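Undergrad: Same order as they appear, the protein sequences are chains A and B.
Sequential numbering of the first sequence, starting at 1, is according to this note's numbering.
Sequential numbering of the second sequence, starting at 1, is according to this note's numbering.
A hint or two may mislead.
Calculated lysine-lysine pairs in the DSSO-like style (CA-CA distance at most 30 Å, straight line) [unchecked claim]:
1. B:K21 / A:K380
2. A:K107 / B:K21
3. B:K21 / A:K358
4. A:K171 / A:K134
5. A:K223 / B:K21
6. B:K18 / A:K220
7. B:K21 / A:K348
No lab work stands behind these hints, which were simulated from the structure alone.
Nothing here was measured: the structure is a model prediction, and the numbers come from that model.
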Amino acid sequence: MKIGKEGEKFNYRFENFGGIIANNDPPFLAFVNRNYMRELGLGESGLWNTSDESIGLLSAPTEVHFSITEKCSVCCQHCYVDAGKQTPGELDVESLRRALDVLSEMKVFHIAFAGGDAMERPELFELAQYARSKCIIPNFTISGLNMNPGVARKMRIFGQVNVSVDGVGEKYGALRPRRMFKIADKAVDLLVEAGVPTGINCLVSRSTFEGIEELFKYAKAKKVNHISFLRFKPTGRAKRLYEKEKMTRRQKIDFVPMLKKLSAKYKLNIKTDCSFMPMICYHRPPLESFETVASYGCEAGNVLMGMKSDGQVTACSFLNNAPNISIFDLQSALQNCNCFEKIRNWPKTAVEPCKSCKYLNICKGGCHSVAEYITGSLYKPDPECPFVAEYTNKHNLII
Amino acid sequence: MNLKSKKISVSTMKKTGKVLKIQCGYNANSGSLASFVVALPVPLMVAITALGSLTALVSSVLLSRLVE
Chain A
1 MKIGKEGEKF NYRFENFGGI IANNDPPFLA FVNRNYMREL GLGESGLWNT
51 SDESIGLLSA PTEVHFSITE KCSVCCQHCY VDAGKQTPGE LDVESLRRAL
101 DVLSEMKVFH IAFAGGDAME RPELFELAQY ARSKCIIPNF TISGLNMNPG
151 VARKMRIFGQ VNVSVDGVGE KYGALRPRRM FKIADKAVDL LVEAGVPTGI
201 NCLVSRSTFE GIEELFKYAK AKKVNHISFL RFKPTGRAKR LYEKEKMTRR
251 QKIDFVPMLK KLSAKYKLNI KTDCSFMPMI CYHRPPLESF ETVASYGCEA
301 GNVLMGMKSD GQVTACSFLN NAPNISIFDL QSALQNCNCF EKIRNWPKTA
351 VEPCKSCKYL NICKGGCHSV AEYITGSLYK PDPECPFVAE YTNKHNLII
Chain B
1 MNLKSKKISV STMKKTGKVL KIQCGYNANS GSLASFVVAL PVPLMVAITA
51 LGSLTALVSS VLLSRLVE
């Protein structure tokens, strides 16, 4: 933690290119060059003993998805981690505190509490408070279950809370239990009333796609700060629904222009998850548009990592090919072994059509959990990428 | 896709310190990274201002947006 000239407190860490500065109000991470760090009075770093000043592989993730339980009472049919009952090996609260100590030492800036439903761990708010005390901003996505005015006020501890709402009314129930819409809707109201930075998560599938404009109207009326659109991925119980619910080719192509139109119409901020990068790149935006505002393709094992409720670390929470690294060994593992090396360096070994795609270093092959499910290898290009699909058809390739 | 670019210069710009990239907001998702790709977050202009007051060293940041 550093106190700036104007008295502002900010968190930071060094990287080969210079460093990363974290601001909380408004929230942002600024990737800055070496001179910027010097001019802030932060000194020099051993990480600068290289002529490479490009932003590439980071010294640690900026964000970790921090699962504290597999338990979840909602039991959605498409749950990406197959959550339901509590599993053996779940870390106790003291171990979770130690895990946060590790992330703090690594200067991880943000975590997203995950599960299961992390609300089902009674220590959730205590852990969130502990994360704050360690200069880590906790964030959270909820179903809305167990929300009341008192809990909503406690949610102010989080930097951002998103409520999963894939559609409005009956459309909510395309994937989730229909009874949950009223619960999610009430949770959104309570959070906004409590002054919690609140957003909506929309899982985009073949069934939910048609309800997206209605969701914009809903989100605008509810005064949430953004909608995050997440791609339906074939992991956990979602594998069983994938063929039925994966987006059609037309939907994949129409998706980003539709968001552009609706974002302008409703004056609402939009995020998409990293797995939608192929659908964004398909419309050939200028490369420089990605350079200064962080827009991520697959950053598994680099910008992003996941921790399971038993403390095992994964490159991202959709990839289960864990190299058997415990959170408590992560710091030394990143320094001393090549864990996550292949996924972190995927662009170097990319095959066609990714190899010659101008968006390779942004997109990084699309979603590797999708590639793993469809092709059997997470290191192949995402077959659902419109570019990849066209290439495959043109060359009569069989995936 | 018709991307438009907007160059934001901060009056306190000086020296050689440079902001290379900005990641806005927090990611609440428990699964994957999220990026602003359609509309820039409203607080971003404030963020740039905050950086300026924080350091008085901000260079210029080229921001691109899909929606003006």
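Undergrad: Compare the structure with each hint and give your call.
TA: Hint check:
1. With a C-alpha separation of about 29 Å, the suggested pair K21 (chain B) and K380 (chain A) falls inside the 30 Å cut-off, and the hint holds.
2. Proposed proximity of K107 (chain A) and K21 (chain B) is supported: the alpha carbons are some 18 Å apart, at most 30 Å.
3. With a C-alpha separation of about 20 Å, the suggested pair K21 (chain B) and K358 (chain A) falls inside the 30 Å cut-off, and the hint holds.
4. For the hint pairing K171 (chain A) with K134 (chain A), the CA-to-CA distance comes to about 41 Å; that exceeds 30 Å, so the pair is violated.
5. Of the pairs offered as hints, the one joining K223 (chain A) and K21 (chain B) holds, with about 28 Å between alpha carbons and a cut-off of 30 Å not exceeded.
6. Pair hint K18 (chain B) plus K220 (chain A) does not hold up; C-alpha atoms about 36 Å apart against a cutoff of 30 Å.
7. Restraint check for K21 (chain B) and K348 (chain A): the C-alpha separation of about 23 Å stays at or below 30 Å, so the hint holds.
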